[in-house]
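> Protein chains in written order, with this note's numbering: chain Y, -10 to 231; chain A, 676 to 936.
Keep in mind that the hints were calculated from the coordinates and are not lab data. Ideal Cβ placement from N, Cα and C applies to all residues, glycine included. Among the clues, some could well be false.
Said to hold, decoys possible - Reference listing, derived: stretches of chain A covered by chain Y, where coverage requires no fewer than 3 residues with Cβ under 8 Å from a Cβ of chain Y: (1) 722 to 731; (2) 762 to 771; (3) 793 to 800; (4) 810 to 821; (5) 829 to 841.
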Amino acid sequence: MSAAERAFRPGAQRVVLRHSALTRICHGINAVCFFALLMSGLQIFNAHPTLNFGQTTDFARPLLSLAPDGFPSWATLPEAQDLAVGRRWHFFFAWALALNGAVYLADLLLRGRIRRLWPSASDLASIPHAIVEHARLRFPKGDAALSYNVLQKLAYLAAIAAFPLLILAGLTMSPAIDAAFPWLVDAFGGRQSARAVHFLLASFLVAFVAIHLAMVVLSGPINNIVSMITGRYRIEEEGHDA
Amino acid sequence: MTRETKLTRRETLLKLIAGGGALSLAGCGLDARSPAALAVLEKAETLTRLAQRALLAPREALAREYRPQDISSYFRPNGSTAPDDADYQDAAAIGFADWRLEVGGLVDNPLKLSLADLRAFAPRTQITRHDCVEGWSCIAQWKGARLASVLAAARPKPAARFIALFCADTLEQSLDGNGRYYETIDLVDAAHPQTILAYEMNGAPLPVEHGAPLRLRVERQLGYKMAKYVMRIEAIDGFAALGRGRGGFWEDRGYEWYAGI
Chain Y
-10 MSAAERAFRP GAQRVVLRHS ALTRICHGIN AVCFFALLMS GLQIFNAHPT
40 LNFGQTTDFA RPLLSLAPDG FPSWATLPEA QDLAVGRRWH FFFAWALALN
90 GAVYLADLLL RGRIRRLWPS ASDLASIPHA IVEHARLRFP KGDAALSYNV
140 LQKLAYLAAI AAFPLLILAG LTMSPAIDAA FPWLVDAFGG RQSARAVHFL
190 LASFLVAFVA IHLAMVVLSG PINNIVSMIT GRYRIEEEGH DA
Chain A
676 MTRETKLTRR ETLLKLIAGG GALSLAGCGL DARSPAALAV LEKAETLTRL
726 AQRALLAPRE ALAREYRPQD ISSYFRPNGS TAPDDADYQD AAAIGFADWR
776 LEVGGLVDNP LKLSLADLRA FAPRTQITRH DCVEGWSCIA QWKGARLASV
826 LAAARPKPAA RFIALFCADT LEQSLDGNGR YYETIDLVDA AHPQTILAYE
876 MNGAPLPVEH GAPLRLRVER QLGYKMAKYV MRIEAIDGFA ALGRGRGGFW
926 EDRGYEWYAG I
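Looking at chain Y on its own, in the form it has when it is part of the complex:
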């Protein structure tokens, strides 16, 4: 039996190159950076576990307060309360995330890969249907498995947009950056607002990653993980189509 015959047999499988080497490398670096930044970020948050909007801190009326303890030590990096070490981890991995993200974004935009993620009009019209399919945990087979559905497209675009905003909000907390680019502080509505936005965007990304990992597990964990490491994704042909 030839490879072509095997590929089109009902219930058969074929293997496609789903992710480019660059995408896979960027994804791996991003995953490591994300967890290092999240956990060291919680360590930094714990040094002053409240949030405010505006330029300054209103100690009496915080927007959100986890005082006095903040996040539990198992979630922070390092585990013990240590702001100095938390900052070391955070700023090292912030550089790594920013540089890695710049490479990924350049690839996405300059090589037109963003077209795979940009929803079409018919995509947007199919949102209700896509929600129902997701809720039933029915995942596409055959060629449909190769393209992202509208919910995936919107989620990935939102996550991709959240990272630069998150970095900008973080930079706005830097007094030196504020002196160089005063408009940045205004854009976020003040330094404490930027700190709150930084936290809220990080919370959004935590939710994204939680759902992302859940979907990886529900839609074929081995196949998904192998495809993000080797690029090779196994597709099951739709039997009833044959």
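Guided by the hints, dock chain A onto chain Y, whose structure is given.
Below, chain A alone, put in the same frame as chain Y:
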């Protein structure tokens, strides 16, 4: 080794990374505070400093100055707020009448300046935001003498590369005697127009909890750079011999020397 076992190992590794949020690094046999790890992580500080200094060109880029109505009704005092060092208490008891700021080190003209002498320098008044490394911010008005003017009067030698500020407060009782507060800044920050030796806060003499009689303001860096209770200033060519050699009280305890971020 077969291809399958290779894949399995990679998968396991990736799962570990993905599950990293729930796993402590200690569980993976990694100490987040090990000197070897920190030595690598600290490389980022140089990158940050060089990048920020490049962005701040021209180096006179000013920190924002706010309006009087923006001044915080409550400004949190931090670090030492009531030094119990005997010398300081004696000086405070008589309203710092005998207090003198010493300016020395690598200078041609060492000085001893009273508060009246400092007020004789052209004053600079600025309403700025104070950002603490812990994450909070407060706005206050500061008035003082430009550090650059005071240094110019002392005539630093060409060998001077940093300015060290030695303080009256012992923030930590330590056996090696390194618990006294001190800070160092480079000449870029020392020359900056907003870098002042402040003797007034919000129109009144500097309160004790905020560093009476004199504190430093370095407006493009975090609060811990802005030493309070300043007693002596020295022009130096390096800070390896000071304290534990990292350029400041908090720097000796792991914080960045460059605190622009």
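> Three or more residues of the region 793 to 800 of chain A near chain Y by CB distance under 8 Å?
Violated, because only 0 residues of the region 793 to 800 of chain A bring their Cβ atoms closer than 8 Å to Cβ atoms of chain Y.
> Using C-beta distances, would you say chain Y covers the region 722 to 731 of chain A, given that this needs three or more residues below 8 Å?
Contact hint for the region 722 to 731 of chain A vs chain Y: holds, 5 residues under 8 Å.
> Count the residues of the region 762 to 771 of chain A whose Cβ falls closer than 8 Å to any Cβ of chain Y, and tell me whether that reaches three.
violated (count 0)
> Cut-off 8 Å, C-beta pairs, minimum 3 residues; does the coverage of the region 829 to 841 of chain A by chain Y stand?
This one is violated; 0 residues, fewer than the three required, reach chain Y with a Cβ under 8 Å.
> Check whether three or more residues of the region 810 to 821 of chain A sit with their beta carbon closer than 8 Å to a beta carbon of chain Y.
holds (count 5)
The structure does not agree with the numbered hints 2, 3 and 5 stated previously, though it agrees with the rest.
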